[in-house]
Amino acid sequence: MVVLSAPLISGILSALVPLRYSWLVSLTASFMLLLAVAGAVVLASTAGLEKPQHFSMPWFGLGGNTVSVGIFIDKYTVVMVLVVTIVSFFVHMYSAGYMAGDAAIRRYFVMLGFFTFTMLGIVLSDNLLVVFMCWELVGFSSYMLIGHWMELPEAAKASRKAYMMNRIGDLGFVAGLMIVYRNAGTFDITVLATQGLQGWEIAAALCIFVAIAAKSAQFPLFTWLPDAMAGPTPVSALIHAATMVAAGVFLLARIHFLFPPLALQVVTIAGLATALTGAAAALGHFDIKKILAYSTVSQLGLMVAALGAGAKDAAMLHLLTHAFFKAGLFLAAGAIIHTLHQAQMSTGETYDVQDIRNLGGLRKAMPVTFGVFLICGASLSGIPMFSGFQSKEAILSSILAGGDAVGMAVAALFLIATFLTVTYTFRLIWFVFIAERSGSASEVSWRSVPEVPFVMRFPMIVLALASLWWIVSLNPFSFSGWFTTGTASALTTVVSVGVVLGALAFAYLFFRNRSEPSRVADVLTNTFYLDALYAIVVTRPVGHLSALCARVDRKYIDGFLHGSAYIQVTLAHIVGWFDKAVVDGFVNLVARLTSWLGAFVRTFQSGNIHKYIFWAGMGLVLLTLYIVA
Amino acid sequence: MIYAFYIFAFIAVAAAAGILFARRLFHAALLLLVCFLAVAGIYAVSYAEWVAVTQILVYAGGVVVIIIFGIMLTTRAPGRPTAISNSKWFSGLLLGLAVMGFLITLFLRETVGAPTVPLMDERFTLVNRFGIALMTDYLLPFEVAGLLLLITLVGAAVIAATRNKNTSS
Amino acid sequence: MIPIENYLVLSVLLFSIGLMVVVIKRNAIAVLLGLELMLNAANINLVAFNLAHPQRLDGQMFAVFVIIVAACEAAVGLAIILRAYRLFNTAVPDNISTLKEP
Amino acid sequence: MNIEAGLPEKLEWIRQSLGFFGPELVLFAGIIVVLCTGIVVPSLRAGSTSVAPLLIALIATLVACALSLADWGQQEKAVDLFGGMVVNDRFSSWFKIICDIAGALTLLLSWPASQRRKHVSEYAALVLSVVLGVHFLSMSVGMIMIFLSVELISISSYVLAGYSFRQEGAEASLKYFLFGTAAAAIMLYGLSLLYGLTGSGIISSQEFVEGLLAHQSLLLLVAGLLALAGFLFKMAVLPMHLWAPDVYQAAPMPVVALFSVVPKLAGLAVLTRFILAATAYGQSLIDWKAIIGLIAIITITAGNVAALRQWNAKRMMAYSSIAQSGFLLVGVVALTEQGIQFMMFYAAVYFVANYVVFAYLQYFESRGVLTIPDFAGTGRSDPAANTLLLVGLISLTGIPPTAGFTAKLLIFTGLYDAYRAVDDPFLLWILIPGLLNTVISLFFYLRIPYFAFLKEGESTPVKYLTWINFLGLVLVLVLLGLFFRPDLLMGWINKITFVL
Amino acid sequence: MPDHILTYLIFLPILAAFVALFIPRDRAAWFRVLNLAACAIQAVLVIIAISRYSHETGELRLVERMQWFTLNLGTWGNLQAEYFLGVDGLSFPLVVLTVFVMLIAGISSWTIAKGVKGYFILILILNAAVIGSFVALDLLLFYLFFEFMLLPMFFLIGIWGGSRREYASIKFFLYTLCGSILILIAFIALYLSGSVPGDETTHTFNMVYLRDPGNYLAGSILDPSGSWLIGGWSARNWAFLLLFIGFAIKLPMVPFHTWLPDAHVEAPTPASVILAALLLKIGGYGLMRIAYPLFPDAAMSLSWVVGLFGVVSIIYGALTAMASKDLKRLIAYSSVSHMGFVLLGMASATQEGVAGAVYQMVSHGVITTMLFLIAGVLYDRTSDRMIENYSGLARIMPAYFAVVLIAFFASLGLPGFSGFIAEIMVFLGAFRSEVIHLSLAVIATLGLALGAAYYLWTIQRMFFGTLHVRGGAATEQLVDLGMREKVMFLPLAATTLILGIFPQLLLRYIDPFALGFVALLNGGN
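Protein chains in written order, with the working numbering: chain A, 1 to 629; chain B, 1 to 169; chain C, 1 to 102; chain D, 1 to 500; chain E, 1 to 525.
Hints are computed from structural coordinates only; laboratory data are not their basis.
Each hint should be verified, as a subset may be incorrect.
[To be verified] Pairs of lysine-lysine, DSS-like flavour, derived with a Cα cap of 25 Å:
id, chain 1, residue 1, chain 2, residue 2
1, D, 77, D, 10
2, E, 117, D, 455
3, E, 117, D, 463
Let's have the full structure, built from the sequences with the hints guiding it.
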């Protein structure tokens, strides 16, 4: 309970701190998160990893059934809880420096705390409905945090895009929930695990996978994630690298039992496609955060693919390692951005500090950052002695465990992705830290840029340390540790090490003599024109449809009333009975029609008594004739 | 007697038609008088002497006189007779002929009931019977008719007594 | 014996001529003449129908009352016409039409 | 044949009949006294605007009303009076009571100085004579009495219509007179034919009904229609409605209020009796119900749609009253005991609502508000009057919580019941347009409040505590009360029985 | 029964209105206080009612029953109308909602400056009429209150409304009146056909009696054996259709909805609030209280129509909202969309769906109140509600922005807010329903995405970006929320949050009703 409530209290406290003392916010929030970390550690040590634990209590009655809210703790949960709380704590701490002086710092920490809470909700909950609720809520906090700097148009747009795309994915989740409820009558994961669905398994699985794909930025729903980098960098580290995007992977692992083989194949294909496209796109970009974002996309693709291939433990392990090294990378990137922003503020220069074309040679100015970046980058690349190597190894060996042709193919693609990963990581580090930028006006100022303050440096260092091998296992070449067991065959180790080294060599040779990163291909920069495709296929049609509806509303539904009235009016014009009295506000069919009739009746009322008598007599005659006839 | 009926009937219809075609209002009034008298004649041959007498007294003696009085009062220039202009010949003829044709067809097609010769009570003349009926069976209408006359008097007086200059909006 | 149809035809003729006069003539007094004709037509009916019931006097009595009423109508009517004439300087209702549908 | 035979009995009958004639005698006395005050007392003559005649007339109507009410208790069954010319029953008493109160209210509305400029005593006498004529008409079963009462009402009305003593008053009088006399002549012709066909001058008599049954012919139909014309004229029903808008527009407001209720209800009473007789109590082959239904529905529709485009408040109310006559006729269409009872309920409610509306139209007229756009802004300056007027108009429309709703509900219930009983789809076809017309009527009824409340206009606040507001409040409370407890009134009406 | 809480609830505002008649018209503050006092006493009464309400079973509570009148219809029997009040799981939450919203609307009415006296009298009458409609169990009584809402609203829009108020008020009136005429026709047919049990000659308006098929006269027009055919279709189906359309106009349902945007855009803020939060609910309430239970057979066979139109409303309303340029119009169309969920849930005829529909009514009542108040806040400051005229408001109006966020996200169905619970229940119910096709539920989920789309877009346009205001208003006019406004928003936000987190608070009232409702429908099938 401490784990869950601490971030929430942090959020609430942050909201309550008076505006004047907003610097206090970061302090209290970080402290609360520290409590959460402590709680998580206690949980991890007491809960044990082997025996799942389950507490629940009824929440509300749904039809004849009861929806309960409860906590379900197993191995994956423990891992996730640790990851979430630890990364969150460090991000809180880091933010204390990064966001210092921001006007809306209270809102920032509120949302950060709220996010952590809802993220833990996803992780701990035993109930798909509650998972879905938290799922939506992390989307909301993500929306708020991406859009934190609301004055920036791209932040505003990116936040909307992120939320919309997640929302569309959530439709799949809703559909999945509907199927689950129809066929099982319960949302309880433990119950579902034992009794399963009666029918519709593939539909349910694919529907839920749509949500996972949106949340974990899988092909083809990943385009929101690079845009989401418009948010503050710590947020990117926490949400869009370490935790929220991993929620999909986690959920997939948790309800793996709901996925029949066919659905798993789809998952694998989507994961691999994501891994490859993400890695390729990372090569095509210049924005430091976007590159990291695509890297995240790619790595998530690997995890999903692993899950699709049945490597649950390995995928979760990679999730864990990825969380640390990717958070470290983001925080380091944030440090660069933060520092250079400060520098810009003093010199008054304006250039895009996130564009690697504007950077270079930062190695000397920011040694700590460089070190962190190097370690985490190495981990990402899967160089031995770093955690990333071990987790990738675990995945690879799990995939190959089956030993069939499909496994081989998956593994091959996996290695290609790894190759690309190494390449883009090298490219990034090379151009940011190592390659000298000659002739740049800003170069002078860089010499003197200070390293970031301690509150920011400390989390970076810790995360970098956490990216080393010991986090998985004391043996740097084995992934069989506290979390996973098993060994990789020597062949896979050799092959993968070979691929990594080969890639390093290739990258060094390729980038060595370039003074500036070049555009690889438009198709990569524009991420395969997916956004354009969405614009054509979804956004614009909906916009048109919406405009059409509005027009229909005004023109046809109202127009039906008005229009048929206009016909009457035209008639009335012709006959000469129209007068301005009609235009008095009773604009509707009935009134027009009746007033037309009324005009007819009134024509008898000419004021001429002879006519009166004539019409009265004629009326009687006609009445008689009518009755007789 | 039937010849007398036809003669009276002819006179009445002719006089009525004359009104329709009369050029001058005064002539029309006089033709109406002729018509009334002829109708009185028809009453007389239909065993309704009392009605005939009333007809002559009230209509010929009263109504027509009032009307002639009215014609004179509404004559714009003294000495110049009031011409009556006509309008709506079409609608008038349409309505009148429709009613005429319709009703005559009906009358000729359907039997209304053959009149029988009245049996005269020897002891009382018709006038006697009228008197008694008027005071017994028809007492209420008689009184109401009196009231009607009173109201007519009051009403006519009100209308006539209002001296209203020809000031109008 | 005079067939009843003769009376009826006569009354219809007078009635419809009266109606025509009412509709056709423009002068209000002429209209009044037409109305009197119509009343007379009804009276002829009443008297004629009374022939079928000689022991009773309903029809004739009705006729007498109609004559009285007709006189009243004529009196009031002429008073009204005279008043209209005085106010509008005409006895032709067609020329008096302030009251009509706007 | 001995004509003297039975003479004493006849005289005795007359003597007894007088006992049932209290209200009429009071009214008659009222007329004489009122006229005498005008003639005899010179001081009144000089001013000719004194309220004394109004007061006397008011007392006369109230006493007549009281006597009619007193009659109620003894009228377990109908009594033929004066040789069978008239019949005194609860049915007639009902209309008499309504018309007496209406007459009294008219006299009250005439009270303000602006309404009594000239000839007050004659005015009072004429109003009384209209009321008296209605008394006679509602009791009449003899053709002679029907004709005489119609004429009594008519002649008084002709004069009253011109009581504004302005140009348009004279014009209205003239038109009313010419149209009315034509209608009377047509009715008389029809009555004469009916007399000829049946041989009886009393429509409720056995002889009349037998005569009708012996002559189930086209001629009878035509004769009946011609006779109906006169009643329809009194009710201002199509096609005999053409006089109403012009006359309403020109006549003084109290007189219009009188016209819109009193002759109409009297016409309705005699029409009901006539239709009851004409259908020969259900044995006739001619479908008079269908004829009346047709007339009713045309009238409702025509009245409503014509009212839609009226800008003169009085003209609008003229068309409204035409449409309302149609609704009253719907009650006759059912021609069951309940149907007629519902119609009588409707008549009472209509009377009250109409008087509310006319009372306020007069009030606003005195403040220079003549056309509907003139009402703009009065809602702000005079919310009390406009609110009460609104309730009256709502009741005429037939929306809860006013008795108008209950009345319409009952009318249509009666119609539906008749439909169930005879399974004549025609009745259903009246039901549906009847309901739709309620919607149409809303548009013109609510146009006055619409202008009063929604349109901006100059507004100077006025006093609330006026006698007109008091009067309006009383009437409105009746309307509301009859919605919440319609059984209070229906309880009385249920005591009225018919020979069906 | 000695308990007269419901009567007090109805007549307290009327009494207050009567008192208000005698207050001089220039004492604006007195009217505000009077209205608030009336609402506050109502709130106390409601709290007492809550304490007396036991929610285990679905039967009627707090019943008051008296003879109203009995009309002798001669040979045809009697017509009996009763003063019959009561609440159950359907109406009780709505009554509570009414009192709550009326209180808020009373506070938000403080900005009304012209014609204060008339304004508050109308509001009080409206208050009574709405509560009356929710608690009346006699058709005539219901119809009385139903009509009684019409005129005050007409005048509220027509007198205190915006520039096109006359058009809007007339349109509102026309539509609603047409609806009520249709309803009236059905009511007449109902009372003609139904009778008091054991007494065939007494016709009744009593809803409870009319629910029992045994109380219909054999051979009458609505005889459950369905002997009457009109145009080849059972008269009961026709009557259901009449009621459906009549209430659907009020709901409002596409394509009978066009009165709503106009009425809302032109109405003053408190009137919009009452209109959207309460009057629309009468439509849903009427369907669930009258149309469905009285014609379960017709309802089951026509449920797909109801569901289909519900989905059409959801999608169509959302799409149209997206194209709206006026903030209030957008909110109005969002109401159309959200009330579509009520139809869908009802049509599902499952316990989840029905409970979800009721939940949605309450939840929408709270949320839409916030939304219209939000639009009102802006309008109060600048008299301009065009979305495109604002940008970057978040910076200068942070409290307002927070409220907007809560309201918008609550409205688009963010978990943790009441709307989510309602919508998810409706979806779950509709998907497992046996009477409507499950594709309806799937299509309806698109409404969630569209809802997010137009709200987020609005936020992006109005609150994000750089600050500027077009259209004549000055930035200085845009001051943040005042104390009074915060007091208005706080309970609303808290309510929607509490209902989103602890749905059982409300569901324990609704569930027994939903159970009985579904049983009734299935029993009638």
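Here's how the hints hold up against the structure:
1. Restraint check: the Cα-Cα separation between residue 77 of chain D and residue 10 of chain D comes to about 21 Å, which is no more than 25 Å; the hinted pair holds.
2. At most 25 Å may separate the alpha-carbon atoms for a hinted pair to count; residue 117 of chain E and residue 455 of chain D meet this at roughly 18 Å.
3. For a cut-off of 25 Å, the pair hint linking residue 117 of chain E to residue 463 of chain D stands: about 16 Å separates their Cα positions.
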